[in-house]
Amino acid sequence: MTAKQKQEELGKTLWDIANNLRGAMNADDFRDYMLSFLFLRYLSDNYETSVKKELGPDYPEAPKDVMETLGVKVPLQIWYEENPEFVVDFEKQMRRKVHYVIEPDYLWGSISELARTQDNELLITLQKGFKYIENESFESAFRGLFSEINLDSEKLGKNYEARNKKLCTIIQKIAEGIQDFDTDSDTLGDAYEYLIGQFAAGSGKKAGEFYTPQQLSTILSEIVTLDSQNPKAGKKKKINKVLDFACGSGSLLLNVKNKIENQPGGGTINRIYGQEKNITTYNLARMNMLLHGVKDSEFEIFHGDTLKNDWDILNEMNPAKKVEFDAIVANPPFSLRWDASEAMSEDFRFKNYGLAPKSAADFAFLLHGFHFLSEEGTMAIILPHGVLFRGGAESRIRKKLLEDNHIDTVIGLPSNLFFSTGIPVCILILKKCKKEDDVLFINASEHYKKVKRQNELRTGKGTKEDPNDIKTIVETYQNRPEKIERFARRVPMEEIIKNEFNLNISRYVSTAKPEPIIDLKEVNDKLVAIEKKATKSLNKHNEYLKQLGLKTI
385 MTAKQKQEEL
395 GKTLWDIANN
405 LRGAMNADDF
415 RDYMLSFLFL
425 RYLSDNYETS
435 VKKELGPDYP
445 EAPKDVMETL
455 GVKVPLQIWY
465 EENPEFVVDF
475 EKQMRRKVHY
485 VIEPDYLWGS
495 ISELARTQDN
505 ELLITLQKGF
515 KYIENESFES
525 AFRGLFSEIN
535 LDSEKLGKNY
545 EARNKKLCTI
555 IQKIAEGIQD
565 FDTDSDTLGD
575 AYEYLIGQFA
585 AGSGKKAGEF
595 YTPQQLSTIL
605 SEIVTLDSQN
615 PKAGKKKKIN
625 KVLDFACGSG
635 SLLLNVKNKI
645 ENQPGGGTIN
655 RIYGQEKNIT
665 TYNLARMNML
675 LHGVKDSEFE
685 IFHGDTLKND
695 WDILNEMNPA
705 KKVEFDAIVA
715 NPPFSLRWDA
725 SEAMSEDFRF
735 KNYGLAPKSA
745 ADFAFLLHGF
755 HFLSEEGTMA
765 IILPHGVLFR
775 GGAESRIRKK
785 LLEDNHIDTV
795 IGLPSNLFFS
805 TGIPVCILIL
815 KKCKKEDDVL
825 FINASEHYKK
835 VKRQNELRTG
845 KGTKEDPNDI
855 KTIVETYQNR
865 PEKIERFARR
875 VPMEEIIKNE
885 FNLNISRYVS
895 TAKPEPIIDL
905 KEVNDKLVAI
915 EKKATKSLNK
925 HNEYLKQLGL
935 KTI
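Everything in the sequence shown is counted per the working numbering, starting at 385 for the first residue and increasing by one.
Treat the hints as calculated values from the structure; they're not laboratory data.
Errors might be hidden in some of the hints.
[Claimed, not checked] Label-pair ranges, simulated between beta-carbon atoms:
hint	residue 1	residue 2	range
1	Phe474	Thr386	48 to 58 Å
2	Lys916	Gln862	40 to 50 Å
3	Asn642	Phe474	12 to 22 Å
4	Lys784	Glu708	47 to 57 Å
5	Phe474	Thr453	16 to 26 Å
6	Tyr516	Met701	33 to 43 Å
7	Gly618	Glu469	50 to 60 Å
8	Lys616	Leu786	18 to 28 Å
9	Cys817	Glu469	57 to 67 Å
[What the hints assert, rightly or not] Once the Cα atoms are required to be at most 35 Å apart in a straight line, the calculated DSBU-like pairs of lysine-lysine come out as:
hint	residue 1	residue 2
10	Lys834	Lys706
11	Lys935	Lys910
12	Lys436	Lys679
In this text, a Cβ means the ideal position worked out from N, Cα and C, and glycines have one as well.
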């Protein structure tokens, strides 16, 4: 079994456990419990592996029966009890090495043993453990990381005993389900991503708050990691800063990181930035980063409102201190109502372009991100099709962006790709350093396959018989052809101006198949021949009627 197959198998195993255990509990509620326990398992495994390296021969490799006799649940507990005078220095050293510490009582091994033995102290120990990780484990405190995990919720049971029993069952089943799998950051991180996607499908329209389908995430990530001036040259070797200002569970940011680091010859990202308004999703994103091996010093996820711009680092009024990003990706809420007050019109993000209407914040999100894009950067944002053609304030913003030559590419996608909405969406690619004075339109609206209730982009080998829609879209952006029939075209600004800055994709790239040219002479000749044949047949028929003494036709 390949590594990828093992990751998929682990994801499916965990999803089966979730389905069997959650009962009548809402998918979103159960998601938070299950993902938190997976996160604890990853932190514990990673920490214990590092502890073994650090202690070397001093690490107590005790068999289970010995640990039971000593009354301990994990080997590290023995070392702590035998070396109390060294614990403080040891934990300082571990913080330098792995950036966090977990006390033996709160390691997954201890927690899963409490679950296996149905210990009545499990719930209390979990509560203490979560608080410890939030406030003491990391040097940069991860306060509120488990704030949405209510272990006292009646959804788990009517009283303490019932809740404790339910938690014992959940944790025991997870422990049994994953014991035969590798739980490194790649395997467990991908299983975490798989579960996020499955829970998103289960929660339907609510899923749009935190989940961008992996296929769309791949397109955005591939595009922003290509050289912005010359995409044909391939991927950048280094991105200083990447931002997703509506980051959800952080999957899109991790995708960008993977595309840069896993290219031939490797590459680096200095720092990852994300912002998320929903507290539950914000916590998911922080866990997701750590689960994928991103150190707490390598990322910053901020809990706040993007449109209000309440993140201090993005609210710097001094242009010399302005933070800029080499890559910006986003899948913000579609057509969100927002506070487009008069005071907001003076906001430095909007005043050169105007305010998006109160009924749809799509362009407000776009302008927020675009303001912080570096001169050599690329921004890719998913938006509803309405931004391409709606009038009023949106028309004026669109016109200004086009006149300033900032809209590089418009990609139209099929409908029903999202769990949260069936509407078709587009991807806008923006740059401040654009060389070409045209706009590339890609119409991929008919390039998909139907899978149950959803549409999906195809991920085949890239042949005519086995298409790969993601690869086709990215390569078309990269190579920027003059025209691909019924799929893509470079449109000069003169044509866009004639269309009053309307970017409706079908105006420029129609997917309609041309009607065959009819040869009227050929049709006429056929009709004459048919007429002659019909007359001959009629005459012959009438002869028979005469012979029979019947009236002719």
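Structure-based check of each hint:
At roughly 38 Å, the beta-carbon separation of phenylalanine 474 and threonine 386 lies outside the given 48 to 58 Å, and the hint is violated. Between lysine 916 and glutamine 862 the Cβ separation comes to about 60 Å, which falls outside the hinted range of 40 to 50 Å. Between asparagine 642 and phenylalanine 474 the Cβ separation comes to about 34 Å, which falls outside the hinted range of 12 to 22 Å. Checked against the hint of 47 to 57 Å, the C-beta distance between lysine 784 and glutamate 708 comes to roughly 20 Å, which is inconsistent with it.
The hinted range of 16 to 26 Å is satisfied by phenylalanine 474 and threonine 453, whose Cβ atoms lie roughly 25 Å apart. Checked against the given bound of 33 to 43 Å, the beta carbons of tyrosine 516 and methionine 701, roughly 39 Å apart, stay inside it. The hint said 50 to 60 Å for the Cβ distance between glycine 618 and glutamate 469, and at roughly 56 Å that hint holds. Lysine 616 and leucine 786 have their C-beta atoms about 24 Å apart, which keeps the hinted 18 to 28 Å range intact.
For the pair cysteine 817 and glutamate 469, the beta carbons lie near 59 Å from each other, so the given range of 57 to 67 Å is met. This hinted pair does not check out: lysine 834 and lysine 706 have alpha carbons roughly 45 Å apart, beyond 35 Å. At most 35 Å may separate the alpha-carbon atoms for a hinted pair to count; lysine 935 and lysine 910 meet this at roughly 31 Å. For the suggested pair lysine 436 and lysine 679, the alpha carbons sit about 20 Å apart, so the restraint of at most 35 Å is met.
Violated hints, in rising order: 1, 2, 3, 4, 10; the structure is consistent with all others.
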